[in-house]
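Novice: The lines below spell out each chain.
There are 2 protein chains.
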Amino acid sequence: MPVGTQATVKGLSPGALRATGTDMVLANTYHLMLRPGAERIATLGGLHKFMSWPHPILTDSGGFQVMSLAALRKVEEGGVTFRSHLDGAMVALSPERAIEVQKLLGSDIVMQLDECLKLPAARSEIERAMRLSLAWAERSKRAFEGAAPQQALFGIVQGGNDVALRRESACALVSIGFAGYAIGGLAVGEPQEVMLRLIEEVAPLLSSDRPRYLMGVGTPADIVEAVARGVDLFDCVLPTRNGRHGLAFTQFGPLNLKNGRYADDARPIDAQSTCAAARDYSRAYLHHLVKANEMLGAILLTTVNVAYYQSLMAQARAAIASGQFEHFRAQIRRSWASAATCESG
Amino acid sequence: MPVGTQATVKGLSPGALRATGTDMVLANTYHLMLRPGAERIATLGGLHKFMSWPHPILTDSGGFQVMSLAALRKVEEGGVTFRSHLDGAMVALSPERAIEVQKLLGSDIVMQLDECLKLPAARSEIERAMRLSLAWAERSKRAFEGAAPQQALFGIVQGGNDVALRRESACALVSIGFAGYAIGGLAVGEPQEVMLRLIEEVAPLLSSDRPRYLMGVGTPADIVEAVARGVDLFDCVLPTRNGRHGLAFTQFGPLNLKNGRYADDARPIDAQSTCAAARDYSRAYLHHLVKANEMLGAILLTTVNVAYYQSLMAQARAAIASGQFEHFRAQIRRSWASAATCESG
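Which chain is which? The protein sequence lines are E and L, in order.
Letter by letter, the first sequence follows residues 1 to 345 in our numbering.
Letter by letter, the second sequence follows residues 1 to 345 in our numbering.
Hints in this document: simulated from the structure, not taken from any laboratory.
From a predicted model like this one, the values you see are computed outputs, not experimental measurements.
Incorrect hints may appear among the rest.
Derived lysine-lysine pairs resembling DSBU-like cross-links, with alpha carbons at most 30 Å apart [stated by the list, open to error]:
hint, chain 1, residue 1, chain 2, residue 2
1, E, Lys-291, L, Lys-103
2, E, Lys-74, L, Lys-291
3, E, Lys-10, L, Lys-10
4, L, Lys-10, E, Lys-291
5, L, Lys-74, L, Lys-141
6, E, Lys-10, L, Lys-291
7, L, Lys-49, L, Lys-141
8, E, Lys-49, E, Lys-258
9, E, Lys-291, L, Lys-49
10, E, Lys-258, L, Lys-49
11, E, Lys-74, E, Lys-141
12, L, Lys-49, L, Lys-103
13, L, Lys-291, E, Lys-291
14, L, Lys-141, E, Lys-10
15, E, Lys-103, L, Lys-258
16, L, Lys-103, E, Lys-103
17, E, Lys-258, E, Lys-291
18, L, Lys-74, E, Lys-291
19, L, Lys-118, L, Lys-141
20, L, Lys-291, E, Lys-49
21, L, Lys-118, E, Lys-10
22, E, Lys-10, E, Lys-118
23, L, Lys-103, E, Lys-258
24, L, Lys-141, E, Lys-49
25, L, Lys-258, L, Lys-10
26, L, Lys-258, E, Lys-258
Just need the whole structure built from these sequences, with the hints factored in.
Specialist: Here it is in structure tokens:
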């Protein structure tokens, strides 16, 4: 899922987004409840109509942005209060209100409110946040009753980098019972091998007939390794944010179009791509647009990157279906050995 | 012609631009000679290929930007030297170099170098600049010899707000003989009636079998009034710049989407428009995008505005052909009575 924070994937019209192969987008409850407001979007016919996207939408619960954007936040058993980063107003967000907001938005996949910690954190703090997120999961499920039949609620596994807490969280969520399960609080600075080991422990505990969603991940290599461990669904700002900063994702690895070596390069980004933006413009032109800070550079590179991510997922699905996944995985590992050049999500 | 300063009409891909009804774009010699460089664009196959626009391109001569953007400029008989606004390098631009640059770019319509004055200015200063521009016109025509057969050279009428100087400039240019004639140095702050009176004096002196081009104009009302006085061709940043600032041009007049009155307005900009961007999104969504400073707001409003300008010109052509021009002119005057809300070009 490309990230459409404020009811738009930055730089792409719905038609342009659809043409990248995108089926589902993520939108941010935190941002939309502050501006333009969930009640307003509901009055205007819901989020799908508001952003002219008649395809699936997942909304997060707002928990992650409260942690990363809001000032003066205070987490209590009842919920979280915080100061809006837009106008300084004090806002309350409880598990019940997060569900209510997502009902108003009318998203297809609704996420429970959870508490995301910054790592590293003390084990006692990680345990407290995990138990609070579990209690909020139960309350979210109750609050979700009466939602529209096309809406589905996902629970979120927390527990930081502690395997035992992660396993406890996963099993407790499965007992409560959700339409799908997310693994939250990863890709927050820990090494890739730590993240992958935690996924390895947690994924098998989550019902195999329900989607497993790894939140906020990641590089192409991260994604393919997580798929190898049983994850189905991802969201990430890497393709869009890096596109705005001049970095292209390609089947051959990353290209940094800011680099002066491309100033006279008449070749397209990838002559074999199915994405027109990767075939129809020279690297020299894209370099010029990026250096000149022109919107079209951000637009074309975002298009290239989202199309690359969608084709990566399509290839992963095809490789699994044909029994060629290990071959595909090795190929991605080689192309993205230099993935450290990507900005983190 | 929408303005594609740096080899891109801000926010629009070539396909999106084409879909607005655009046939020809303007690109800026001053900007492109400084970055990425005319020789580089020539090596890459010329400007059409560089910006993936296989349709007509007009390039200005750089004179206007030297006046408005460059520091420490010095105008002499031979040409102008100035400090680049990008890196402070001293750059020389002569009539011959301006033609050479445009030959390298490979534009379809090439403009002579002229000296643009800021008004108000003393009559002696206006006269000096007009005579210098005339001398440069002759030198431009000589330098243009040997250009590719598909390239055409236009001369530029100067003379400030002085009718006698304007007439002298126009007649002298026609004696030299150009493929088309531009009227420069207007819409630089003078009242609309002054501009229109000068056009009225000058246009009849310019060969009626050659295109007449009014540079840098203007509002829909300005354009239709200039068409009424015999002008054929226009360029203007109003549709693109205003689009980026939240203003929509419509057949009913301007809409300022920044205005809070649109926050709950479920109507599209113009349900009757042939432009999808004007029909497929609510004013409430556009208001949200503009307030949230999202690229998509600029993209959609630029699309709406360029499509409106192209439809305005198409309607003017149709009205002339059917003998209904006076009716059309009155209608545009009514819709754009409030044109003062537009930002000047």
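Novice: It remains to establish, for every hint, whether it holds in the given structure.
Specialist: Results of checking the hints against the structure:
no.: 1; hint: E:Lys-291 <-> L:Lys-103; in the structure: 24 Å, holds
no.: 2; hint: E:Lys-74 <-> L:Lys-291; in the structure: 28 Å, holds
no.: 3; hint: E:Lys-10 <-> L:Lys-10; in the structure: 15 Å, holds
no.: 4; hint: L:Lys-10 <-> E:Lys-291; in the structure: 14 Å, holds
no.: 5; hint: L:Lys-74 <-> L:Lys-141; in the structure: 23 Å, holds
no.: 6; hint: E:Lys-10 <-> L:Lys-291; in the structure: 14 Å, holds
no.: 7; hint: L:Lys-49 <-> L:Lys-141; in the structure: 26 Å, holds
no.: 8; hint: E:Lys-49 <-> E:Lys-258; in the structure: 37 Å, violated
no.: 9; hint: E:Lys-291 <-> L:Lys-49; in the structure: 19 Å, holds
no.: 10; hint: E:Lys-258 <-> L:Lys-49; in the structure: 21 Å, holds
no.: 11; hint: E:Lys-74 <-> E:Lys-141; in the structure: 23 Å, holds
no.: 12; hint: L:Lys-49 <-> L:Lys-103; in the structure: 14 Å, holds
no.: 13; hint: L:Lys-291 <-> E:Lys-291; in the structure: 26 Å, holds
no.: 14; hint: L:Lys-141 <-> E:Lys-10; in the structure: 47 Å, violated
no.: 15; hint: E:Lys-103 <-> L:Lys-258; in the structure: 28 Å, holds
no.: 16; hint: L:Lys-103 <-> E:Lys-103; in the structure: 60 Å, violated
no.: 17; hint: E:Lys-258 <-> E:Lys-291; in the structure: 6 Å, holds
no.: 18; hint: L:Lys-74 <-> E:Lys-291; in the structure: 28 Å, holds
no.: 19; hint: L:Lys-118 <-> L:Lys-141; in the structure: 26 Å, holds
no.: 20; hint: L:Lys-291 <-> E:Lys-49; in the structure: 19 Å, holds
no.: 21; hint: L:Lys-118 <-> E:Lys-10; in the structure: 39 Å, violated
no.: 22; hint: E:Lys-10 <-> E:Lys-118; in the structure: 26 Å, holds
no.: 23; hint: L:Lys-103 <-> E:Lys-258; in the structure: 28 Å, holds
no.: 24; hint: L:Lys-141 <-> E:Lys-49; in the structure: 57 Å, violated
no.: 25; hint: L:Lys-258 <-> L:Lys-10; in the structure: 20 Å, holds
no.: 26; hint: L:Lys-258 <-> E:Lys-258; in the structure: 33 Å, violated
When held up to the earlier numbered hints, the structure conflicts with 8, 14, 16, 21, 24 and 26 and fits the remainder.
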